[in-house]
Amino acid sequence: MSIILDKVNYVYGEGTAYQTQALSDINLELKDGQFIGIIGHTGSGKSTLIQHLNGLIKATSGAIYFNGQDIYDEDFDLRELRNRVGLVFQYPEHQLFETTIFDDVCFGPKNQGLSKGEAGLRAFEALRSVGMPESLYYQSPFDLSGGQKRRTAIAGVLAMKPEVLILDEPTAGLDPAGRDEILDLIAAMHKERGMTVILVSHSMEDVAKYVERIIVMNQGRVMYDDAPKEVFRHYKELESVGLAAPQVTYLMHELKERGLNVNTEATTVLEAYESLLGVLRKGRA
Amino acid sequence: MGIIKARQLVHEYIRRDEEGNVESIQTALNHIDIDVEPGQFIAILGHNGSGKSTLAKHINALLPPTEGTLWVDGKDVSEEANTLAVRQTAGMVFQNPDNQIIASVVEEDVGFGPENIGVPTEEIWKRVENSLKAVGMLKYRMHSPGRLSGGQKQRVAIAGVMAMEPKCIVLDEPTAMLDPNGRKEVLRAAHELNRKKGVTILLITHYMEEVVDADYVYVMDQGELVLQGTPGEIFSQVDVLKEHRLDVPQMTLLADMLKKAGVPIPAGVMTRAELAEAVLRCAGSMSDMSFHGQ
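Same order as they appear, the protein sequences are chains C and P. Just remember that this note's numbering sits 6 ahead of the position in the first sequence, which is counted from 1. Just remember that this note's numbering sits 786 ahead of the position in the second sequence, which is counted from 1.
Do not rely on the hints blindly, as some may be mistaken.
FRET-style restraints, in silico, Cβ to Cβ [stated by the list, open to error]:
| no. | chain 1 | residue 1 | chain 2 | residue 2 | range |
| --- | --- | --- | --- | --- | --- |
| 1 | P | Lys983 | C | Lys37 | 49 to 57 angstroms |
| 2 | C | Thr22 | P | Pro906 | 34 to 42 angstroms |
| 3 | C | Glu243 | P | Thr813 | 47 to 55 angstroms |
| 4 | P | Lys983 | C | Tyr18 | 53 to 61 angstroms |
| 5 | C | Tyr78 | P | Gly825 | 35 to 43 angstroms |
| 6 | C | Gly284 | P | Lys919 | 55 to 63 angstroms |
| 7 | C | Thr26 | P | Val796 | 46 to 54 angstroms |
| 8 | C | Tyr144 | P | Glu804 | 18 to 26 angstroms |
| 9 | P | Lys925 | C | Glu80 | 55 to 63 angstroms |
| 10 | C | Thr26 | P | Val808 | 51 to 59 angstroms |
| 11 | C | Gly74 | P | His977 | 30 to 38 angstroms |
| 12 | P | Glu978 | C | Thr26 | 26 to 34 angstroms |
Just a sample of chain C residues kept apart from chain P, beta carbon distances all over 12 angstroms, derived [said to hold, decoys possible]:
| no. | residue |
| --- | --- |
| 13 | Tyr18 |
| 14 | Leu84 |
| 15 | Asp149 |
| 16 | Glu280 |
Because the hints were derived from the structure by calculation, they are not lab data. Built from N, CA and C at the ideal position, the CB exists for glycine as well.
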């Protein structure tokens, strides 16, 4: 089970003065249960790419297969695809609209055709999984803090029980504690439910800490598609396309160049810490 | 007198029911004292809902104080007669660039502000060019803002404020949506304006790395000022910052972990260069020791 993209191309504004090739020959296999990060500078095609995955944008050419079925087939149920591939947009809290948090989270499942009771159950479950205190369920979503609003919006997508969860910069604008809470929540859902998670992010540090596979987009093409360590090994190339490696990776490279035998593959603070401690202790021994 | 000075500044959001009775009062700013000197680069940190944006809106006379006084360049913001002067002194860049762009061509958008205050045409074009250059958007001057990416739009919004040549610019999370390069460019532009033109900058941010080069930092929590000092003083309090839902730069965190494990790293490490030097010094002194031991 997976999502396969086969030579997907997308052109914005075809035939107009603004014609832009947003995606060029994208070939990808997104396997079930993976935790994938997508990085790329603004305008590199990340958002266009993820909107293809649940059929919001139709490829100009190429094919997309969801669990072996061509999603552009006439008898393919796109509605069903959107139930199974949940997309959390940037600043999803701007889409909150109901009078209570609970009603807002019920909106998705009700739209799927579930009864009021079933939708309610889904909402309870989703709100609990994002750690929303029960005392807030019947308050207006507009009275919440930024982090809580974001979590309510994510709960609204979770209540639809997607198999694949795509999040477009879910931590933008959140304070550091809110950022960690959201990312820990996503990581826990990936681990406990085996959900496929696709995380679009501008934070190399967050991507390095959480995901198992990174897809780097540049000018509408896949530039790298590999494990974080492999991808961040190309930190000079990443810089040339407006990206970077995590800061600890730079530190390790600098120390190595200046004669200290540290692990230049470290991408997280913890990995850097362990390597540095090892080297410094050895020096002492 | 400083360019921004607050004394016991209070702001309450009061919600009333249909009859006008008070339903709830939320204190967003609780007796704030602030002193900013002209030319300073100030950073303001705080969790979501801590009152940072409310404070910023006071500096631009968008919200009136409930109690206390705020002076911008010596002018009391609560006096209506000062509103326009205050807004010309303190330019503001908000989180979401989509709410700030109005024209259909980038250069017209940037020129809108100065045109509005009667700057001569020649001068407007000069300012438009300089501002767009400062944010790295000059080659997009003839583009439609609607077709730019979020990061590019934000840089246009900043150029629009720069074109007003205000004495002070308040940036309310200007980099929240930008990629690493975009963040660097915006920060560089802000620092350059600060250094070269002496513009006072107030930067509200959730990225701790962006605070490292500031002159002074204010930390807010639940409407109160809980910490203030130089970045070095602020970031030496790793655990205190966590309590306020904040963080420290990664290099500071790594230095702190090494220090707790017994490595003699000096206090106040904030940048990669500082940590590299400290680690190399430790490695050097340790190998010396082992040499003498042999």
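Confirm or reject the claim that tyrosine 78 of chain C and glycine 825 of chain P have a C-beta distance inside 35 to 43 angstroms.
-> violated, 59 angstroms
Pairwise beta carbon distance, glycine 284 of chain C to lysine 919 of chain P, judged against the given window 55 to 63 angstroms | Since the Cβ atoms of glycine 284 of chain C and lysine 919 of chain P sit about 47 angstroms apart, the hinted range of 55 to 63 angstroms is violated.
Beta-carbon spacing of glutamate 978 of chain P to threonine 26 of chain C - inside the hinted bounds 26 to 34 angstroms or not = For glutamate 978 of chain P and threonine 26 of chain C the Cβ distance comes to about 31 angstroms; the hint holds.
Supplied distance hint 47 to 55 angstroms, evaluated on CB atoms of glutamate 243 of chain C and threonine 813 of chain P | holds, 50 angstroms
Range agreement (Cβ of proline 906 of chain P with Cβ of threonine 22 of chain C, hint 34 to 42 angstroms) = holds, 37 angstroms
Could you say whether the range 46 to 54 angstroms given as a hint is met by the Cβ separation of threonine 26 of chain C and valine 796 of chain P?
-> Once the Cβ atoms are compared, 50 angstroms apart, the range 46 to 54 angstroms for valine 796 of chain P and threonine 26 of chain C holds.
Taking 18 to 26 angstroms as the hint, is the beta-carbon distance of tyrosine 144 of chain C and glutamate 804 of chain P inside that range?
-> holds, 20 angstroms
For aspartate 149 of chain C, which was marked as not at the interface, is the minimum beta-carbon distance to chain P over 12 angstroms?
-> violated, 9 angstroms
CB of lysine 983 of chain P to CB of lysine 37 of chain C, is that within 49 to 57 angstroms?
-> holds, 53 angstroms
Are all C-beta atoms of chain P more than 12 angstroms from that of tyrosine 18 of chain C?
-> violated, 9 angstroms
Does the Cβ-Cβ separation between threonine 26 of chain C and valine 808 of chain P fall within 51 to 59 angstroms?
-> Once the Cβ atoms are compared, 53 angstroms apart, the range 51 to 59 angstroms for valine 808 of chain P and threonine 26 of chain C holds.
Report holds if the minimum CB distance from leucine 84 of chain C to chain P is greater than 12 angstroms, and violated otherwise.
-> holds, 27 angstroms
Of the numbered hints stated above, those contradicted by the structure are hints 4, 5, 6, 9, 11, 13, 15 and 16, listed in ascending order.
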